[in-house]
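Since chain A is already given, all that's left is putting chain B on it; use the hints.
Number of protein chains: 2
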Amino acid sequence: MKPRQRRTNELWVMEEQSPDMRLSLRISDVLLNVTSRYQDILVVRTGEYGRMMLLDGAIQITERDEFCYSEMMAHVALCSHPDPKQILIVGGGDGGVLREVLRHQNVAKATLIDIDEEVISAAKRFLPSISARLDDPRADVRCEDAMAYITECHDQFDVIIVDSTDPVDFAAGLFKAPFYEDVRRALRPNGMVVAQTESPFTDTDVMVGAYREMASVFPVVRLYWGVVPTYPSGMWTYTIGSKDQDPSLARRPAPEGTRYYSGDVHNACFTLPPFVTDLLTRWQDAPQPEEER
Amino acid sequence: MKPRQRRTNELWVMEEQSPDMRLSLRISDVLLNVTSRYQDILVVRTGEYGRMMLLDGAIQITERDEFCYSEMMAHVALCSHPDPKQILIVGGGDGGVLREVLRHQNVAKATLIDIDEEVISAAKRFLPSISARLDDPRADVRCEDAMAYITECHDQFDVIIVDSTDPVDFAAGLFKAPFYEDVRRALRPNGMVVAQTESPFTDTDVMVGAYREMASVFPVVRLYWGVVPTYPSGMWTYTIGSKDQDPSLARRPAPEGTRYYSGDVHNACFTLPPFVTDLLTRWQDAPQPEEER
Chain A
283 MKPRQRRTNE
293 LWVMEEQSPD
303 MRLSLRISDV
313 LLNVTSRYQD
323 ILVVRTGEYG
333 RMMLLDGAIQ
343 ITERDEFCYS
353 EMMAHVALCS
363 HPDPKQILIV
373 GGGDGGVLRE
383 VLRHQNVAKA
393 TLIDIDEEVI
403 SAAKRFLPSI
413 SARLDDPRAD
423 VRCEDAMAYI
433 TECHDQFDVI
443 IVDSTDPVDF
453 AAGLFKAPFY
463 EDVRRALRPN
473 GMVVAQTESP
483 FTDTDVMVGA
493 YREMASVFPV
503 VRLYWGVVPT
513 YPSGMWTYTI
523 GSKDQDPSLA
533 RRPAPEGTRY
543 YSGDVHNACF
553 TLPPFVTDLL
563 TRWQDAPQPE
573 EER
Chain B
283 MKPRQRRTNE
293 LWVMEEQSPD
303 MRLSLRISDV
313 LLNVTSRYQD
323 ILVVRTGEYG
333 RMMLLDGAIQ
343 ITERDEFCYS
353 EMMAHVALCS
363 HPDPKQILIV
373 GGGDGGVLRE
383 VLRHQNVAKA
393 TLIDIDEEVI
403 SAAKRFLPSI
413 SARLDDPRAD
423 VRCEDAMAYI
433 TECHDQFDVI
443 IVDSTDPVDF
453 AAGLFKAPFY
463 EDVRRALRPN
473 GMVVAQTESP
483 FTDTDVMVGA
493 YREMASVFPV
503 VRLYWGVVPT
513 YPSGMWTYTI
523 GSKDQDPSLA
533 RRPAPEGTRY
543 YSGDVHNACF
553 TLPPFVTDLL
563 TRWQDAPQPE
573 EER
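Residue numbers (the working numbering), protein chains in the order written: chain A, 283 to 575; chain B, 283 to 575.
Isolated chain A (complex conformation) (with noise of 0.2 Å):
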């Protein structure tokens, strides 16, 4: 008798990129699933990048390749501020970009604001690669929501860093003016802001209108990108908004331990290639619907 082929159990996730796209990653476990009061989260371990955390069905963040997305959220605006000590993250639960930004010996003070404290615990207890520092001395983290706390703000911070989830439900607001008016009011007269601001090719929309709502509200914008295999297209682009500083040069150098981020790469992430500067460059030339202000 022919013997039954043994075969493995097939367990997958899959994250819907486009309703035409989708990346499927195969696991070995399921490490977390639970809904919080904001959102699904789901933490599991992949063969490809070891662990992966999902909120709402949406890759945020993975063991392998996150450092190309934290380092460049931190360092490009920490690198080029003449002196960073006061920190405000805003998102940025998973402690990726808040590990990052302790690197600099400059930083006093690191405050990460994250509305969902069971993202900061899953991350502590699934993630300790990317979750470490949350517990540093220089950090102030708090669960509550940045965009309420950041009224109360002004003249505080060297450099806020954006590190929000896509712009949907509870995140659509911190892509937008008002939001980069509180901003701009809570930074010091040398202060810069940075977001992610997503794929020029899977969410175009999103980074020109982030970007346009930024320099709507700052003198010195400038859009940089690297990449980040794991999210949509793998191209991302990141927007600094600056009160004064040309944020394209590096001013520091590079902090130590870095594996994406580097002085120059630092120099070389804000040549864009022609189509990114084309998006960029096309909402100026063309008339401003009234209801999109």
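Bear in mind the hints are in silico, worked out from the structure with no lab data behind them.
None of the hints are false.
If you want the footprint, here are the derived chain A segments under chain B, 3+ residues with CB under 8 Å:
1. 302-308
2. 318-332
3. 528-542
Restraint ranges, calculated between C-beta atoms of paired labels, are given here:
4. B:Glu-292 to A:Asp-560: 30 to 36 Å
5. B:Gly-455 to A:Asp-427: 55 to 61 Å
6. B:Glu-292 to A:Gly-332: 26 to 32 Å
7. A:Asp-560 to B:Ser-498: 37 to 43 Å
8. A:Gly-332 to B:Arg-564: 19 to 25 Å
9. A:Asn-291 to B:Leu-531: 51 to 57 Å
10. A:Lys-391 to B:Thr-563: 33 to 39 Å
11. A:Arg-564 to B:Asp-526: 40 to 46 Å
12. A:Gly-332 to B:Ser-310: 33 to 39 Å
Note that the Cβ used here is the ideal one computed from N, Cα and C, for glycine as well.
For chain B alone, kept in the frame of chain A given last:
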């Protein structure tokens, strides 16, 4: 009676990017599905990236993102070479790289050698925006084995572009030193070769191996990178071997009409994140196993 909800037909193509990772794209049509003498050829119409060609299950080219790849394959070598007149393209039967090569007025003749005639005819029929220049008077398109062809060439080409499939089966030899020796002999004194060398995330060994093999043949070898959304991880590398000139400097202006490439992108794309540099230098420090050579 509750009416049955109307559902659309779900038609998807799925690429196995690794045993643990899959990219799925919704398609509206299968335009071609044949097996040539060399490989399976599939052309589909996707919602996300326009028309797309797959060979043996691997995504080769899509209408919407091919400019990222085609431009970076062609223009970096052609803009750093002082006077590129005679070009050889190995593979590239879809015609995308050829189209970019022919943007350069210096180019007198571009010879394209793809082993698979059916890839060329599929591209001509279904991918007109990519294959448009395959019938150009300056193009010499041949369907034969480039590895055999090139052994007969001496001091003949200014730039050779190796636009191969992944290094499996008949394409494996295109990533090895004996082929690069033939390439060197086929190049003129100022000559350069450029090859696509996969992703540092998903094909580390291929990237490092090709770099090492090329460095054993050419005095100047440099690796650069760009984004290709539909390739695994989105981060794609290219390796240039040069007999003489440093390819990391753009010496001639970008041709008109590029969307990814520019002179500034040229000068930025050789800036590697430290983790990529580490991958390339680690093998130089490590003892080489005998069987690898």
